[in-house]
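Make one complex out of these two single chains by using the hints.
Protein chains in written order, with the numbering used here: chain A, 1 to 118; chain B, 119 to 230.
Worth flagging that the hints you see were computed from the coordinates, not collected in a lab. Treat the hints loosely; a few may be bogus.
As the list claims (entries may be wrong) - Computed list of lysine to any residue pairs in SDA-like fashion (alpha-carbon distance at most 25 Å, straight line):
id : chain 1 : residue 1 : chain 2 : residue 2
1  : A       : K49       : B       : R162
2  : A       : K49       : B       : D156
3  : B       : K175      : A       : Y103
Claimed, not checked - Take a look, some chain B residues computed to stay more than 10 Å from chain A by CB distance:
id : residue
4  : S125
5  : T131
6  : L139
7  : N146
8  : G181
9  : S198
10 : S202
11 : I229
Said to hold, decoys possible - Just the calculated beta-carbon pair ranges, DEER-fashion:
id : chain 1 : residue 1 : chain 2 : residue 2 : range
12 : B       : G181      : A       : I113      : 25 to 35 Å
13 : B       : T131      : A       : E66       : 41 to 51 Å
14 : B       : F214      : A       : S70       : 27 to 37 Å
15 : A       : K69       : B       : G134      : 45 to 55 Å
16 : A       : E64       : B       : G158      : 26 to 36 Å
Glycine included, each C-beta is placed from N, C-alpha and C at the ideal position.
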Amino acid sequence: AQSVTQLGSHVSVSEGALVLLRCNYSSSVPPYLFWYVQYPNQGLQLLLKYTTGATLVKGINGFEAEFKKSETSFHLTKPSAHMSDAAEYFCAVSALYAGGTSYGKLTFGQGTILTVHP
Amino acid sequence: DAGITQSPRHKVTETGTPVTLRCHQTENHRYMYWYRQDPGHGLRLIHYSYGVKDTDKGEVSDGYSVSRSKTEDFLLTLESATSSQTSVYFCAISEFSGEPQHFGDGTRLSIL
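So that you can see chain B by itself, here it is in the shape it has in the complex (with noise of 0.2 Å):
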């Protein structure tokens, strides 16, 4: 399996606070991304990096950050939780663009 790591795997917070997701990789892949995945609406991608501090945004990037200051590091920030970010989120990794994505376990957050 792919080496990817999440945490946290689970947490729960209030509306306002700010919570920051954090994905780890030890495969030296150069695109990393960021999904939430919600019943009825499959996985959709809120940001996504190309390298080093390359990032951009994704289909449902309002009330998320990103940041990637090295490879193996990808944060998604929520700098102002709201419920209707509950959601489970997953990480993702690719060596080159079009190849197979490889996913990591997810973190499933709780936002009341």
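With the rest of the complex left out, here is chain A (with noise of 0.2 Å):
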């Protein structure tokens, strides 16, 4: 079983502040991570992964994502935020099964909705 949780539902920064939403998971297994943006009446949007080899994973926008085993977190943070970044955020696990597959599965996190102000 894997779950998700999002510190946060909601964060606030000013316009060129850091950027941190927080992501913690659970998973008996070697996780596959993702972090997606939704902006009003759009799908989501992939921002980054991570699956094997390198922890930090940078992805669109200028966001990038640390995968802590140790802590079992994968934060995602931009060192300086742009009123274009105001949208919702969701981090997510999948697991591959050894022997087996999860078939991708998505166990998705609650969403942290992101303001920024100018």
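See the structure below:
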């Protein structure tokens, strides 16, 4: 079984400030981790993913995330917020089971709404 | 953008009526998924498909059924809609298990 917890349903930052969105996961097998962004009335768009290898992953729009196995975390950061970053962000986990497949099923966190103030 | 079309985009219907939502893809991807999105719950998996006529239940499958008779189409049916099924429904596709999923624009369904 797997689960995802996003700490903070709403995060507010000033334009130019650091963005930090927190995600903790639980998985009985090595996880695949994803961050998605959703703009109003749209579907979800992939920001970045972690599968194996380098634990610091870079995504689109200047976002990056670091996989920390010891902390079971995959926090999303961006050094300098832009007004266009205002959206809802979702962390998700999938897992490939040894000797089988999870069929790519995703378990999502509850989402974090990011507000950017001028 | 991945070629995913959901129809209808909006629907209002009454309790007890059957409803079918369609997801059509032009990517020839093997895996297709139906999720529902509700405030405070993120997205939750309803059903998924790993090939033509190969489907299985997700986390919140009660009251829903699916069919996939050809690679490009994945149908979600509410046999007898209830108000608790008012939600935004998203279809997603992926080429391989574990690969990122690509999402459609969603169907907003209201059941009165």
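Right, here's what the structure says about each hint:
1. A:K49 / B:R162: 19 Å, holds
2. A:K49 / B:D156: 24 Å, holds
3. B:K175 / A:Y103: Cα-Cα ~12 Å, so holds.
4. S125: Fine: 14 Å to the nearest Cβ keeps B:S125 off the interface.
5. T131: 20 Å, holds
6. L139: B:L139 is indeed farther than 10 Å from all Cβ atoms of chain A, at 14 Å.
7. N146: Given that every Cβ of chain A is farther than 10 Å from that of B:N146, nearest at about 16 Å, it holds.
8. G181: Correct as stated: the minimum Cβ-Cβ distance to chain A is 19 Å, above 10 Å.
9. S198: 26 Å, holds
10. S202: 18 Å, holds
11. I229: 20 Å, holds
12. B:G181 / A:I113: 25 to 35 Å: Since B:G181 and A:I113 have Cβ atoms about 28 Å apart, the given range 25 to 35 Å holds.
13. B:T131 / A:E66: 41 to 51 Å: 45 Å, holds
14. B:F214 / A:S70: 27 to 37 Å: At roughly 29 Å between Cβ atoms, A:S70 and B:F214 fall inside 27 to 37 Å, so the hint holds.
15. A:K69 / B:G134: 45 to 55 Å: 49 Å, holds
16. A:E64 / B:G158: 26 to 36 Å: Roughly 27 Å apart at Cβ, these two residues keep to the hinted range, so it holds.
Comparing the model with each earlier hint shows no violations; every hint is respected.
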